[in-house]
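> Chains as they are written, first to last, in this note's numbering: chain A, 1 to 183; chain U, 1 to 124.
Misleading hints may appear alongside valid ones.
[As the list claims (entries may be wrong)] Mimicking EDC-like on lysine to aspartate or glutamate, the simulated pairs with C-alpha atoms at most 20 angstroms apart in a straight line are:
#, chain 1, residue 1, chain 2, residue 2
1, U, K29, A, D178
2, A, K96, A, E114
3, U, K54, A, D142
Calculated directly from the structure, the hints in this document are not laboratory data.
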Amino acid sequence: MKIVTLWFRHSITIFFTFVIIGCATALAPAPSPKLLTDSQSALTEGLVLMQGMSGGVEAGTYEQRKDSYSKLLANLQSIVVLIESRPPASDLDSDKVKIFLDYASSKGILITQEDLEQPNLKAAQNAVDQISFLRDMDKEKDCGKSIKCPTDSNIKIAIKGYMISMGAVIYYEQLLVDLKEDN
Amino acid sequence: MANITFDTQEVLSDVVEGVKGIMSDQQPKLKSFIRSQTRGAVEFGALIVEGLEKDEITVSQRAVYLEQLEDMITAAAYTVAGAVLAIVEAVWNKMVNIIWTAINTALTAAIDIALPLPDFGNDN
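Kindly generate the complete structure, drawing on both the sequences and the hints.
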């Protein structure tokens, strides 16, 4: 009887153990310290470039910034590629995530499972678009009546937008690194 | 054969402490991120208005900026949703890890079998 009781207790414990293994989950991609440091560097690089243009820029000065734009855009595009190529979490198609997305949808926030595979990808793409837009404006000098182009307002908007976009990229990368260290 | 010792209260207490550690660290950061993104979006909008008033922004530029504003809000929403899931994953796996370790310790003592600790970052 004692042996049966022990066997039963062991079986319950082992069963519980395997249930728990089955419950372990992966809902976020793996952290990438390289993505984090590259994003932080790109933020600084972009701000240095734009702060040098503060107040607006004179005609005929684009060539002075041409290489800085190219280097910054290449770095940003490489961040986008790194995010895109990172394998997504394996358990994103679980029922629990679907419930979460349905709840968000019921509140008017439409987020698909694909959007969650790389949550900060759109923010990185936004940063590329913002710097590309500023570069094109600087190159083509199409600022209406203003003598300076990009104008002071164009630069301030570009700085603000860039900080928001890169802030989102960096926050998420830092979060992944921090959570990995905690575990 | 030794008895299996599994102190439920101690395991529960460890789980609570582990989860508290993650939440107390990450919750303020998430709140701060949401606040800074929201404030940033509002200030971005204000800068567009200011630029229009100063006649430093063209009509076509305004259209692009409004599109950028929409894209940034969408990106912030994706990032927040992704962050919530990452935190849920960490909390869940912390709980599993603590309970697994406790069970494994008890099993090893009782039947001398050490089950390998699974890698929670990977698909199990």
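> Run every hint past the structure and note whether it holds.
Verification of the hints:
1. U:K29 to A:D178: Holds, at about 11 angstroms.
2. A:K96 to A:E114: holds, 15 angstroms
3. U:K54 to A:D142: holds, 16 angstroms
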